[in-house]
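Chemist: These are the residues of each chain, in order.
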Amino acid sequence: MARKLLIGLFVSFQALGVELAQDVSVKTDVGRTVTDGLISSDDVPQFVQTYQWQATAKFKPQESTFFLIDSSLLGLILENFDGEKSGTRADIEKPMSDRRKGKISLNEIYGVYEPLPSWSLTFGRKRITWGSGYFKNPTDLINPSKNILDPTAARKGTFLGSVDYRKESSTWTILKSGVTREKENGIPDQIYEVEGKTREMTAARYWTLLGTYDLSIMRLDDNGYTKPGVRDIDTGVSVSGLVVDALEVHGEALLKSAKGQKDYILGFGYTFSNESTLTLEYLHNDLGQSASEFASLAKKLYVGKKLGQRPSGNSDENLTGKLYLKDHFALGLQRYKYNDDVFFTFNTLINPVHRAAAMSPGVNWMARDWLSLSLVGFYNKSFSGAKLPDGSKVSEQDLFPMPLRTSFEIKAYF
Amino acid sequence: MNRISFCLLLAMNYTFNQNAYADVTAAELLEKYDKIMGPAQFESEMDMTSNREDGTSRTYSMKALKSGDDKFRIWFTSPSAVSGQEILRIGDNSWLYLPNLKRASRLANRDSFQGGDFNNSDILRVNYTKDFDGKIITSEDPSSYKLELKSKNKDTSYDLIHLWIAKSNFMPLKGEYFGTSGKKLRSAEFSDVKEYSKSYTRPAKVLMKNEIVPARSSILVVKKIKIDITPAPQKFLQTDLGKG
Chain A
63 MARKLLIGLF VSFQALGVEL AQDVSVKTDV GRTVTDGLIS SDDVPQFVQT YQWQATAKFK
123 PQESTFFLID SSLLGLILEN FDGEKSGTRA DIEKPMSDRR KGKISLNEIY GVYEPLPSWS
183 LTFGRKRITW GSGYFKNPTD LINPSKNILD PTAARKGTFL GSVDYRKESS TWTILKSGVT
243 REKENGIPDQ IYEVEGKTRE MTAARYWTLL GTYDLSIMRL DDNGYTKPGV RDIDTGVSVS
303 GLVVDALEVH GEALLKSAKG QKDYILGFGY TFSNESTLTL EYLHNDLGQS ASEFASLAKK
363 LYVGKKLGQR PSGNSDENLT GKLYLKDHFA LGLQRYKYND DVFFTFNTLI NPVHRAAAMS
423 PGVNWMARDW LSLSLVGFYN KSFSGAKLPD GSKVSEQDLF PMPLRTSFEI KAYF
Chain B
614 MNRISFCLLL AMNYTFNQNA YADVTAAELL EKYDKIMGPA QFESEMDMTS NREDGTSRTY
674 SMKALKSGDD KFRIWFTSPS AVSGQEILRI GDNSWLYLPN LKRASRLANR DSFQGGDFNN
734 SDILRVNYTK DFDGKIITSE DPSSYKLELK SKNKDTSYDL IHLWIAKSNF MPLKGEYFGT
794 SGKKLRSAEF SDVKEYSKSY TRPAKVLMKN EIVPARSSIL VVKKIKIDIT PAPQKFLQTD
854 LGKG
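Order-wise, the sequence lines are chains A and B.
Take the first sequence: its position 249, counted from the start at 1, is 311 in this note's numbering, and no numbers get skipped.
Take the second sequence: its position 43, counted from the start at 1, is 656 in this note's numbering, and no numbers get skipped.
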């Protein structure tokens, strides 16, 4: 019955001219936490299984109008919390619902209308990427991506309205968006409020193509990005271009006008004859810690641990959000071909101050044109670090509550 | 008498061959090839099937839009794993748009097209007049012209091409594609000549054989094509990628 209904729905969609792409996936993450680290791992699950059904429907009723819906149905099983073994997990008494989660995620739902060929209006929830950085996009204030070691991770969209004015080799964009609050279950429909005011973003971009280089200049005005209620108008610049056929260079920078702080990346990508791509980026963020600031913070964490007060690695974002250094290198090898269907990837975030790296090797097998299997690992290695009172050394990477993790995913497309 | 007849025949044959070479120039043949295989503007629906060494094959369906010599856009519609991917070419710039990332990354011309045996430039950059110097050379087949094309710039995928064109209707018949080392990389067969409209006829099928790995080949089939269109310039902007 359910199958007939699904087939019926599919046929109905096709009859209406709706393009539908779906996939189902099962992903299993198994990790090992550091039980005696400076940051508590009590509420970090070492086993996570994610079941996901994702569907994207596109509909173009006429040449000037386009609609897209991208939604997911998620099921999560969280097990083997570190604190359960040691008996220190604060919320250990929580019921089973804490470990079995269901969620509907409306990643994107938007419409595009072109009243004139040069003008394009977009309304709805949409993901936006304006910068040219591969591992990190400093100018992504609209819907930031979080995981540097997984550049393929999809970000969440944000509610927005935008107007594009397009000329032959340039585009002007004005955008207004609200920063969306994700609901635990159901469709996210709330906008953050800061001191009674809606947290919102007004942004403008000019994009142009100059020979083999494309350039974006941005102004981003967020009333709640750095300090609640304070307007902070940032300027963004992004450029990318081909130096020779297989060598691409890029740079992206954000200058925060209120404090003069800079967040920028510089990098290149080289495509080899086997079509694998090597990408290297230098990442700098003024908001990060210097080596001495990090050492001071690590000592505070050490004292806290001695006093039995460790911040949580999973939930204390006020602290863990600051535990990064100013300078990093990110290096990645993408789509290193073993054969037509098997590809290797390797991404690493290098911390030159502590001679440390967070590494993520992976292999993807496209077993059929409708089935893919992937195995991704995550591992930290440090050769140096800030010196603690007991003589041991701790690097930025050593603070991750889960330094070793493996993720296996099976995905079927239909 | 016999000697005179023989000389006359020789002279006639020489004159005939000269006429065959003289009635059309290499530049004209290249122009005709470009008009047939890469009209100034078109929108089309195509399938590309890639046959692999292990005996398996993958078929990709796509819609394509071309405007002028330098602008080309492709939307992949199936299989589901690549549905939503787009390719845009503007002059020497090419991007691949990945829908899950919402971003476009730059493509090199020499990359293979979706892992098949066509290069990106075979599909996205059909402009032999601009990219190659041509001359007519002696064809083994008297019913066809044979062109030798030498690359004019570094952006082409091949250094040398041998192209056979039918004398009767100027349809391409076959091609051989060589790298800078002189090694034959690919060979193509053009077949199934089809009239898509009163003013437009072309081979519906192109079989591209991989001469390095002989078990590999790719077939491009043009299912529909319209050339009497005026594409909007805004469809060829990087900022339009992902907007249907």
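These are calculated hints, taken from the structure and not from any lab test.
Be aware that one or more of the hints could be misleading.
Listed next, with one range per pair, are the computed distances between beta-carbon atoms [said to hold, decoys possible]:
#1 166(A) / 743(B): 50 to 56 Å
#2 432(A) / 818(B): 35 to 41 Å
#3 748(B) / 311(A): 36 to 42 Å
#4 166(A) / 818(B): 44 to 50 Å
#5 397(A) / 768(B): 19 to 25 Å
#6 417(A) / 653(B): 55 to 61 Å
#7 683(B) / 79(A): 38 to 44 Å
#8 272(A) / 743(B): 48 to 54 Å
#9 683(B) / 338(A): 24 to 30 Å
#10 754(B) / 124(A): 34 to 40 Å
Result set (DSS-like, lysine-lysine): computed pairs, CA atoms no more than 30 Å apart in a straight line [unchecked claim]:
#11 229(A) / 743(B)
#12 848(B) / 122(A)
#13 856(B) / 473(A)
#14 715(B) / 388(A)
#15 229(A) / 811(B)
#16 715(B) / 748(B)
#17 676(B) / 120(A)
#18 648(B) / 811(B)
#19 122(A) / 780(B)
#20 229(A) / 818(B)
#21 837(B) / 238(A)
#22 165(A) / 839(B)
#23 229(A) / 648(B)
#24 837(B) / 122(A)
#25 856(B) / 229(A)
#26 676(B) / 122(A)
#27 399(A) / 748(B)
#28 120(A) / 715(B)
#29 811(B) / 796(B)
#30 715(B) / 473(A)
#31 229(A) / 848(B)
#32 856(B) / 165(A)
Stretch-level coverage of chain A by chain B, calculated; a stretch enters the list once three of its residues show a Cβ under 8 Å from a Cβ in chain B [stated by the list, open to error]:
#33 117-125
#34 173-180
#35 187-193
#36 214-220
#37 224-231
#38 301-309
#39 425-439
Small disclaimer: the values here were computed from a predicted structure and weren't measured.
Where a beta carbon is used, it is the ideal one built from N, C-alpha and C, also for glycine.
Chemist: Taking the hints in turn, state whether each one holds.
Modeler: These are the hints, each one checked on the structure:
Between residue 166(A) and residue 743(B) the beta carbons are some 52 Å apart, a value that agrees with the proposed interval 50 to 56 Å. For residue 432(A) and residue 818(B), the hinted distance range of 35 to 41 Å is not satisfied, since their beta carbons lie about 26 Å from each other. Evaluation of the 36 to 42 Å hint for residue 748(B) and residue 311(A) yields a pass: the beta carbon distance comes to about 38 Å. Between residue 166(A) and residue 818(B) the beta carbons are some 45 Å apart, a value that agrees with the proposed interval 44 to 50 Å.
Judged by the Cβ atoms, the range 19 to 25 Å given for residue 397(A) and residue 768(B) holds: they are separated by roughly 22 Å. As the Cβ distance of residue 417(A) to residue 653(B) is approximately 58 Å, the hint placing it in 55 to 61 Å holds. Roughly 31 Å separates the CB atoms of residue 683(B) and residue 79(A), a value that falls outside the hinted 38 to 44 Å. A C-beta distance of roughly 21 Å is found between residue 272(A) and residue 743(B), which places it outside the suggested range of 48 to 54 Å.
Separated by about 28 Å at the C-beta atoms, residue 683(B) and residue 338(A) satisfy the suggested range of 24 to 30 Å. At about 49 Å, the CB distance of residue 754(B) to residue 124(A) disagrees with the hint of 34 to 40 Å. For the hint linking residue 229(A) to residue 743(B), the alpha-carbon distance of about 26 Å falls within 30 Å, and the restraint holds. Proximity of residue 848(B) to residue 122(A) is assessed by CA-CA distance (about 15 Å); at most 30 Å being required, the pair is judged to hold.
As the CA atoms of residue 856(B) and residue 473(A) are separated by approximately 26 Å, the hinted pair is consistent with the 30 Å bound. Using a Cα cut-off of 30 Å, the hinted pair residue 715(B) and residue 388(A) holds, with the two alpha carbons roughly 27 Å apart. Simply put, residue 229(A) and residue 811(B) have alpha-carbon atoms about 34 Å apart, too far for the 30 Å limit, and the pair is violated. The straight-line distance between the Cα atoms of residue 715(B) and residue 748(B) is roughly 45 Å, outside the 30 Å bound, and the hint therefore fails.
At most 30 Å may separate the alpha-carbon atoms for a hinted pair to count; residue 676(B) and residue 120(A) meet this at roughly 15 Å. Between the alpha carbons of residue 648(B) and residue 811(B) the distance comes to roughly 15 Å, so the proposed pair stays at or under 30 Å and holds. Restraint check for residue 122(A) and residue 780(B): the C-alpha separation of about 44 Å exceeds 30 Å, so the hint is violated. Restraint check for residue 229(A) and residue 818(B): not satisfied, since their Cα atoms lie roughly 36 Å apart, outside the 30 Å limit.
Restraint check for residue 837(B) and residue 238(A): the C-alpha separation of about 41 Å exceeds 30 Å, so the hint is violated. Between residue 165(A) and residue 839(B), the direct Cα distance comes to roughly 45 Å. Violation of the 30 Å bound is thereby established for this hinted pair. With a C-alpha separation of about 28 Å, the suggested pair residue 229(A) and residue 648(B) falls inside the 30 Å cut-off, and the hint holds. At most 30 Å may separate the alpha-carbon atoms for a hinted pair to count; residue 837(B) and residue 122(A) meet this at roughly 19 Å.
Distance check on the hinted pair: residue 856(B) and residue 229(A) sit about 16 Å apart at the alpha-carbon level, within 30 Å; holds. Distance hint between residue 676(B) and residue 122(A) is fulfilled; the C-alpha atoms sit about 14 Å from each other, no more than 30 Å. A threshold of 30 Å between alpha carbons decides the hint, and for residue 399(A) with residue 748(B) the separation of about 38 Å lies outside it, so the pair is violated. The hinted pair formed by residue 120(A) and residue 715(B) meets the criterion: a straight-line CA distance of about 15 Å does not exceed 30 Å.
Of the pairs offered as hints, the one joining residue 811(B) and residue 796(B) is violated, with about 40 Å between alpha carbons and a cut-off of 30 Å exceeded. Between the alpha carbons of residue 715(B) and residue 473(A) the distance comes to roughly 20 Å, so the proposed pair stays at or under 30 Å and holds. At roughly 11 Å between alpha-carbon atoms, residue 229(A) and residue 848(B) fall within 30 Å of each other, so this suggested pair holds. A hinted pair counts as satisfied when its Cα atoms are at most 30 Å apart, and residue 856(B) with residue 165(A) qualifies at roughly 27 Å.
Residue count for the region 117-125 of chain A with a Cβ under 8 Å from a Cβ of chain B: 3. That meets the three needed, and the coverage hint holds. Counting residues of the region 173-180 of chain A whose C-beta sits closer than 8 Å to any C-beta of chain B gives 4, which meets the bar of three, so the coverage hint holds. Interface restraint, the region 187-193 of chain A with chain B: holds (3 residues with C-beta to C-beta distance below 8 Å; minimum three). Only residues whose beta carbon comes within less than 8 Å of a beta carbon in chain B count, and the region 214-220 of chain A has 3; three or more means the coverage holds.
Given as covered by chain B, the region 224-231 of chain A passes the check, having 4 residues with a CB less than 8 Å from a CB of that chain where 3 are the minimum. Given a C-beta distance limit of less than 8 Å, the hint that chain B covers the region 301-309 of chain A holds, as 4 residues qualify and 3 suffice. For a cut-off of 8 Å, the count of residues in the region 425-439 of chain A with a CB near a CB of chain B stands at 4, and the three-residue condition holds.
When the structure is compared with the earlier hints, violations turn up for hints 2, 7, 8, 10, 15, 16, 19, 20, 21, 22, 27 and 29 and for no others.
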